[in-house]
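**Student:** Below, each chain spelled out in residue letters.
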Amino acid sequence: MRASINRPPTPDVDEEKRDEPTLQDIINIKLIESGEKENLKELLRERLIECGWRDELKAQCRALMRKRGRSNTTVDELVRNITPKGRAMVPDDIKAELLQRIQSFLMSVAL
Amino acid sequence: MGSGEVRYSSLAAGIFGDILDAVIVDVASEAHRAARLGFDRRLNTEEEEELRLSAQARAIVGESVANGDTSSKYTIDVFGQLHPAVASEIFECMNCGRPIVAGRFAPHLEKCMGKGRKARIRANANINLSQQRKVRSSPLPSYFPGGPTHTSVSSRTPPTQTSSLTPEDTQKSGLDPNDGTSEESHDDDDKVVIATSMCTSLCTLNLKYYRFPCD
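From first to last, the protein sequence lines are chains A and B.
For the first sequence, the positions run 390 to 500 when the working numbering is used.
For the second sequence, the positions run 16 to 230 when the working numbering is used.
If we strip away everything but chain B, and leave its shape as in the complex, we get (with noise of 0.2 Å):
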C-alpha cells in the first residue's frame, strides 16, 4: 500500500504538473492577445500608479464617511464626482410619452401602467370596450367627439351618476359580449354601456394622455 501510494503521488503531481501548465499557457495566451489587439486598458498605467491612484479613490470614500457626511444630499463615488439623492434628469415615459423627472419614474409608472386603483379602472374599462368591439358585428364609430350615439346618450346620463355605477356597468358590459345570439335586441343596451363606460374613462384621465390601443 505504502509504495502504491508514493507512485501516485508522483504520478499526480505529473498530471498536476500538466494541467497547471494548461491553464498557465492559457493565462500567458489571454494577456498576449489581450495587449496585442489593444483591448488591455493596464498595460501602461500599470503598478505604482495604480497602487497610487487606488489609495487615493479609497481616501477619498474613507473621508467622507468618516465625516459623516453620508447622510448629506451629496454621495462621493470613487472618482470623486458628486451626486444628489434624487436624480434630477429629465426624459419621457415610454407608456405614456409624458416628460418625467427621473427621481420620480417610479410612483409615475405605478400609476401609469397599472398598480394603482385608477389605472386598474382604466384597464377595465378598455377591456370591456374591446371585448364589445370584438362581439359587434358592425364598426363602431370613432371614440372622440365625432360619434353621433356618444353626445346623445351622454346628456342623459351626467358624470356624476356614472361614477357610482362603474362597477356594475362595467360587469354587465363583461356578461354581454358571451350572449353573441342576442346581440341586436341588446344593441341599445350595448350603446349605453358603452357610453357609460367612455364617460367614466374621459372623467377620470387626463383627455390628452389617453391612447387607444385601435390607433
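Bound conformation, chain A alone (with noise of 0.2 Å):
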C-alpha cells in the first residue's frame, strides 16, 4: 500500500511538456494503422532483392566482418556502416516507384 503513495507522478504532468505531435509523426501512425507500410516495406524489400541490391550489400556486410573479425562485429556497426552505401545504391526506378506511392497514401489521406 505504501509503495503506491510513493510512484513517480502519473503521465497528465509530463505530457504538457511535450511538443503537438509532429505532421510526420501523425502521417506515420496512419500509415502503420493502415497496414500501408507494411505493404511499402514488402514492395521495397521485392523489388531489391531482385535488382540485385541485397546481395551487394551482403557482400559489404562479409567483407567487413571479414576485415574485423567475425566475432568482433556488432549489428550497429554493421548497420552504422552500410546505411549509407545502401542509401545511394537503391537505383533510381525503384526509388521513383516508391516514392509515387507513397506520394498517393499521403494525398488519400487528404491532408
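Be careful, since some hints might not be right.
[Said to hold, decoys possible] Under the rule of at most 20 Å between Cα atoms (straight-line distance), these lysine to aspartate or glutamate pairs were calculated in the EDC-like manner:
#: 1; chain 1: A; residue 1: 456; chain 2: B; residue 2: 65
#: 2; chain 1: A; residue 1: 430; chain 2: B; residue 2: 33
#: 3; chain 1: A; residue 1: 430; chain 2: B; residue 2: 41
#: 4; chain 1: A; residue 1: 447; chain 2: B; residue 2: 55
[As the list claims (entries may be wrong)] Over the 10 Å line for every Cβ pair with chain A, so calculated as not near, a few chain B residues:
#: 5; residue: 42
#: 6; residue: 101
#: 7; residue: 113
No lab work stands behind these hints: they were computed from the structure.
No experiment lies behind these values; they were computed from the predicted model shown.
Every residue, glycine too, gets a C-beta built ideally from N, C-alpha and C.
Using the supplied hints, reconstruct the complex from the two chains, each of which is provided in its own coordinate frame.
**Tutor:** Structure follows, in C-alpha cells:
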C-alpha cells in the first residue's frame, strides 16, 4: 500500500511538457495503422532483391566482418557502416516507384 | 497545389528513408546472424577467388558447348564432373521390390503401377476378387496352390481358353457381388469365376513377384 503513494507522478504532468505530435508523426501513425507501411516495405524489399541490391549489400557486410573478425562486429557497427552505402545503391527507378506510392497515399489521406 | 506537392515530396522522402533503413537493418542482422552462427559459406572464400571460380566454371561449360560436345553421351556440369546420358545406378522398385536400373525406371513403373494393358487387367482381376471376397460370408481358401477348388477347377478350364473369356468373366464377377441375397445358389458359379480369373492373373504375371493386398 505504501508503495503506491511513493510512485512517480502520473503522466498528466509530463504530457504537457512534450511537443504537439508533428505532422510526420501523424502521418507515420496513419501509415502504420492502415497497414500501408508494411505493404510499402514488402514492395521495396521485393524490388531490391530482384535488382541484386540485397546481395551486394550482404557482400559488403561479409567484407566488413572478414576485416574486423567474425566475432567482433556487432549489428550496430554493420548498420552504421552499410547504411550510407545502401542508400546510395538504390536504383533510381525503384526509388521513384516507392516515392510515387507514398505520395498517392498521402493524398488519399487528404491532408 | 505546388507548395502542397513540395511538402509531400519531402515528407515522402522522409518516409522512404524510414522504410529503407528498416530494410537495411534487416539485411545487416541477417548477414550478422549467418556469420556468427557459421551458416555463411561465402564468408571465407569471397571476392576475387569467387570471381575466379565462377569464371572457371563458365569456361568449362562454354568449352564443351563451343566444341559441339553437347551431342556426346556425357554431359559436363559446372563442377567439371561428367554425367552419362542414361543413369546407371541400380536400386529397388518400391512397388514390386525388383532391382531396377535407374535409367529404365520410368517404363518399368508404367508396367508395374498400371498405365499398361497388362497392369490394368491385373488390377481389374484384383478388384473383382476382393469384391467377391467381401460379399462372401465364409473366408475363401488361400490363393496359392493349397486350395482344393483351385486345383479341381483348373483342370476343367485350360489356360488358353480363359484368356479369351477374361473380359466376360470379369464382367460377370463384377455383377455378382451386387446380388447379395442369392449368394448360396451362385456358389459354384462364383468358384468357377474366381478360378478362371485367378488362372488369368497367374498366367499373365510372373508368380514370383506378385503380391496380394491381404498379405
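**Student:** Now look at each hint and say whether the structure bears it out.
**Tutor:** We went through each hint and held it up to the structure:
1. Using a Cα cut-off of 20 Å, the hinted pair residue 456 of chain A and residue 65 of chain B holds, with the two alpha carbons roughly 17 Å apart.
2. The hinted pair formed by residue 430 of chain A and residue 33 of chain B meets the criterion: a straight-line CA distance of about 10 Å does not exceed 20 Å.
3. Annotation: proposed proximity of residue 430 of chain A to residue 41 of chain B holds, straight-line Cα distance about 11 Å (limit 20 Å).
4. With a C-alpha separation of about 11 Å, the suggested pair residue 447 of chain A and residue 55 of chain B falls inside the 20 Å cut-off, and the hint holds.
5. Distance check for residue 42 of chain B against chain A: the nearest CB is about 5 Å away, which does not clear 10 Å, and the non-interface claim fails.
6. With a closest Cβ-Cβ approach of about 37 Å to chain A, residue 101 of chain B is found to remain outside the 10 Å limit, as its non-interface label requires.
7. Against the 10 Å criterion, residue 113 of chain B stays outside the reach of chain A, whose nearest CB is about 47 Å from its own CB.
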